[in-house]
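K.L.:
Chain by chain, the residues:
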Amino acid sequence: MKSSRALSALAALTTLGLTVTGCSTVGEESSDTSTDSSVVLVTHDSFVLPKALKKKFEQESGYDLVVRASGDAGQLTNKLVLTKDDPIGDVAFGVDNTFASRALDAGVFAPYSFDEPAGAADYALPGDDDHRLTPVDNGNVCVNVDDTWFADHDQAPPKTLDDLTDPAYQDLFVLPGAATSSTGMAFLLATIAAYGEDGWQGYWSKLMDNGAKLTAGWSDAYEVDFTQGGGSGDRPIVLSYDSSPAFTVPKGAKTSSTSALLDTCFEQVEYAGVLEGAGNVDGAEAFVRFMDSPEVQAALPESMYVFPVVDGVKLPSDWARYAVQPTDSYAVDPADVAAHRDEWLRDWSDITSR
Amino acid sequence: MLELENVTVRYDGVPAVVEVSLDLPDGEVLAVLGPSGCGKSTLLRAVAGLETPSDGAIRWDGRDLAGVPTHKRGFALMFQDGQLFNHLTVARNVGYALRIRRTRSSRVAERVAELLALVGLEGYAERLPATLSGGERQRVALARSLAVDPRLILLDEPLSALDAGLRERLAGDLREILRSAGTTALMVTHDHEEAFTVADRLAVMRGGRVVQAGGISEVWRAPADPETALFLGYARVLRGEAARVLLAAAGLPVAPAVAVRRSALVAAPDGPLTGRVVSGRATPEQVRLVVEVPGVGQVDAVSPLGLHPGPGEQVSLTVEAAKLATLPGA
Amino acid sequence: MTARTRWSNRTRWSSRTRWSSLSRPLALAGLAVVPVLVLGVFFVLPVSGMLQLGFWADGSFDPGAVLEVLGRPRVHRVVWFTVWSASVATAVAVLLGLPAAHALHRLRFPGRDVVRAALLVPFVLPTVVVGVAFRQLLGEAGPLGFLRLDGTAVAILAGLVFFNVAVVIRVVGAAWESLDPRPGEAAAALGASPAQVFRTVTLPALRPAIVSAASVVFLFCATAFGVVLTLGGLRYSSVETEIYLLTTNLLDLQAAAALSILQLVAVVVLLLVAGRLRAVPDPEVSRVLARPRWPARGDVWALTSTLLLLVLVAAPIATLVVGSLHVDGDWSLGNYRALTTNGTHQALLVPVTDALVTSLRTAVDATWMSLSMGLLVAFTVTRRSRSRAERRVRRGLDGLFMLPLGVSAVTLGFGFLITLDEPPLDLRSSPLLVPIAQALVALPLVVRTIVPVLAGINDRQRQAAASLGAGPLRAVLTVDLPVVWKPLLAAGGFAFAVSLGEFGATSFLAREEHPTLPVVIYRLIGHPGPMNYGMALAASVVLAATTTVVMLVVERLRVPSVGAF
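Chain order of the listed sequences is A, B and C. Here full-length UniProt numbering is used: position 328 in the first sequence is 328, and no number is missing along the way. Here full-length UniProt numbering is used: position 80 in the second sequence is 80, and no number is missing along the way. Here full-length UniProt numbering is used: position 39 in the third sequence is 39, and no number is missing along the way.
In case anyone wonders, no lab produced these hints; they're calculated from the structure. Note that beta-carbon positions come from the ideal geometry of N, C-alpha and C, so glycine has one too. Careful, some of the hints might be misleading.
[To be verified] Which stretches of chain B does chain C cover? Using the computed rule of at least three CB atoms under 8 angstroms from a CB of chain C, they are: (1) 65-76; (2) 90-103; (3) 134-148.
[What the hints assert, rightly or not] Some chain C residues close to chain B (C-beta under 8 angstroms, calculated; not the full set): (4) 141; (5) 182; (6) 183; (7) 190; (8) 193.
[What the hints assert, rightly or not] Covered stretches of chain A (in silico footprint by chain C; criterion: 3 or more residues with CB under 8 angstroms from a CB of chain C, positions within the stretch not fixed): (9) 172-182; (10) 319-326.
Produce the complete structure using the sequences and hints provided.
P.N.:
Listed below in structure tokens is the structure:
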């Protein structure tokens, strides 16, 4: 009696197992396996392109595009460095100007020049003399403020990095940490550019003394602590992007409720490049060119929240109206970043965890 | 003194014990006898405080025990398979209740030694339960139950997990130990031999009800009904004409039914009944026969070993009146 | 001492009656070979690859540099915090989990099954989302802001307990459920109060399960990543976050290797200690299914504590649900409707619904992989050993499969890339890599759930089956399967949940065009746009609901009479 019940239960489970095998990934034909007729793109988590554009690339180049997306820009770079002798793809997109030197030093990318569209050259990586990396997009990390909050409190919002250490703005600033967030790292680099390699530490001490709050990631700072975020935050100053104000336009309103402080920005540029040792060099080069084509450049803002590097690309209306780009951003020589990242981060950790 | 008054216990609304009333005076051993599923274990658990009666009262010395949790009742409970604490040694098992009561450790050791001697397990103190035989485990369980001189000890089929020979011996021991400790005990069992050996008084349960209660011999001599008789070890119940013939042969007054023990009819040359042997089987003590007696039908009988009538032979039978029990009409 | 004597007695006895002496070790080796190979290829090889990079920096063996790392004061701080937070969180999880295990596995009350399933939900929620939910509760402006817990170690502990208490409830509950109630009743009749019964009878009987659960929870806590970063406000670092930082940000492989070695050593020590504590004189237990009973007065504490736990678990989830139902400050189902799209402005490669399907399919694979490997390991480990050496080998095996819990997902992820790159192991882009990695993460839970039960089976039952003509397989089917059935289902539910929620290793592996739900949620929440945030919350709620449903189904699959075998 008992065992027959167990048997029927076993039978039920087996049946379930069989039905469920339909849900298994085993034996599923992998459409993404690389073949001679495919080009493999290695990129980070944030890579997105509309399906139509992917199809367009495949039709025009004659190659299937296989996307291997995982991790963030830092993981991507390190992954490329670790596998440089046996690359995991043909072409990479998403290495930015804070990590690019490490990749170049390790010899991850092969030189590739082509007739770049106007404007792209302005974003070329300093020190990349062989033209191994092609600029694809850019964006600025800027301090954002909640204008409605400051209006409600009859207070003028801050404007500069120095303002953030002003006691008038005590306990109002929230930002992701440099050690755990690339956005936070960009802000650290902005302060290094602004105050020099020996001066930034003092600035950060003052910033922390003024009640700046650190979070692990951008989403924590923006969605939880920022007054205009998804939750019910109480800090009206946040570290975000120059494009962020385009996302905080109340329904029916003519102006954004937030704005980016254009004197606090650090510019990030993302590059594409052909991998050294790629199996399909021709396809890889076609993909690099494709990324700078007008269609892709136009799709960048809405797909990846970044600005195009090519001149004359039409921006989405919200972006054109509300996302103001700084004319002059802070910058640090990529070679310096590569050389000092470790040391800077360690000092930064010491200052902020005191 | 334990008193049960109209105790009813339900599991999910289904009654397992129905309106049971029993008394158990101090120093006596009462056995509740019944087939499995008759509710006797539930009754025991209700007394222990592990089940809550839905009706009726359980009293000790006149005080209602309702709401008194198990551990405050001052009873001890011993299960069929002992339920020793496997992670504790024999000594720690036996001394458990004493340590719970924060008894001095020298006193615990003394008492444990005493109890182990009582149950015949000197030298077992440091063994783990897993290394004991079934009989030894039951002895430890008994010693553990007796450690703090419980007001009442509850025995749930204490011997039925043991093999026959051991059971018989241990039943005698159990009776001795309970007597010498002067403990009041309530035992449930399905084995009438065990009940007869250990208990002073008997309550027979069936279908959740007590159908008969009284002193051992009282119950044994006058079962309340045929089913009870069969459960008490009577081999057959004869009715009507058969009963009349048999009672007449035994020299007893007529009754509507009579319960017959296996050895009530004995083959003897000058017996009042005669019959034809249907089958016979020798045992070490006697020969067991099945005899077809005209007017009675097939009955069991015994004959001395020297006399072994074969099938088909005619035998005369005497009837031992003491091994018959007349039953009220059924 | 007596226990050991008895053990060897039985061993001698069984060796006479069991299969011929030669085929036995071979058969055992055969059983273990598949899981060991899988572990070797997908764990030992990648991790050694990464360690090698650390020790052989610049082509020469340089252990000194690695050991130097261990002398840094920062490393000492990090290690101390890791041990401290994991120990405290484990203790709290056990203290809260025990009463809940009692209430949810020994008592019955309306809604019990739902509560049981719901308490497992945190286990699958992506830390990034839970972090946000927790911080909305605890943050300066949140409803619990007055507690001033945001960014404190207490918040980290609360998060760790939130995620791991389900492990205690499940593992201990499974053991408690089949615990014979009669010794406890006997103790009560002997005058032991409920508390004394618990301390002197129940607790010792539950010890193996509690130690099992605690060691797994400790490992989970010690290797927690998102919780420490998000809730600790960057003021606290654990070994795991440090390895992440060193590997992905600084590419300081020497230091990462040093910390990884430290992790491995710690895990081994923990396993040894746990093995000691878990050992009981008589692992064979009578398995009876105690009828769950209605709560009595004495169960108030257990129910209260379960309620407390439910609140702890429900509060952040409620925050999630409420958030997911708001669009632009108004109540709306818009976020849920958006789940079938690619997000505003094509923010995603695939709609969230597709990601859910991918997640479920991956979880199915990870579940059967970890269950079959776990069963093989458990069977191998629990067979009676004939010699001391054999026993040691088995114990080693048992521990080996716990190791994946103690190694950083980052180390494993990078290790995959640098070692699995040449035929015949060119698996870097195999679609199976993700389910295999998840199965390895779930494996220790599966093993830990099944081993105590299998160890409790009297070997003589198998011998009896064999004597009745059952082959070894048939004997397993008749003797072991009925007993292991229920814990196996529990373990399966676990593995499924682990796989659904796994983010660390998954996010690292090449996922091609089929991201799992946690990966999609992570991406949604990491980008500006109120709709993306709302969708992330909605997707998390969907993930939580899916888990609850799966767990309820698993509970239903349980054969009610199993304990009566």
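K.L.:
Indicate, hint by hint, whether the structure satisfies it.
P.N.:
Quick rundown of the hints versus the structure:
1. Counting residues of the region 65-76 of chain B whose C-beta sits closer than 8 angstroms to any C-beta of chain C gives 8, which meets the bar of three, so the coverage hint holds.
2. For the region 90-103 of chain B, the stated coverage by chain C holds: 4 residues have a C-beta nearer than 8 angstroms to a C-beta of that chain, and at least 3 were required.
3. A count of 5 residues in the region 134-148 of chain B with a Cβ less than 8 angstroms from any Cβ of chain C is obtained; the coverage claim is therefore met, three being the minimum.
4. This hint is violated: residue 141/C has a C-beta 49 angstroms from the nearest C-beta of chain B, more than the 8 angstroms allowed.
5. With its C-beta approaching chain B no nearer than about 4 angstroms, residue 182/C sits inside the 8 angstroms limit, and its interface hint holds.
6. Look at residue 183/C: its Cβ gets to within about 5 angstroms of chain B, closer than 8 angstroms, so that hint holds up.
7. A hinted interface residue such as residue 190/C counts as satisfied when its beta carbon comes closer than 8 angstroms to some beta carbon of chain B; here the least separation is about 4 angstroms, so the hint holds.
8. A hinted interface residue such as residue 193/C counts as satisfied when its beta carbon comes closer than 8 angstroms to some beta carbon of chain B; here the least separation is about 5 angstroms, so the hint holds.
9. Chain C is given as covering the region 172-182 of chain A, and this holds because 3 residues of the stretch bring a CB closer than 8 angstroms to a CB of that chain, at least three being needed.
10. Counting residues of the region 319-326 of chain A whose CB lies closer than 8 angstroms to any CB of chain C gives 0, so the stated coverage by that chain is violated, three being the minimum.
Going through the hint list in order, the structure does not satisfy hints 4, 10.
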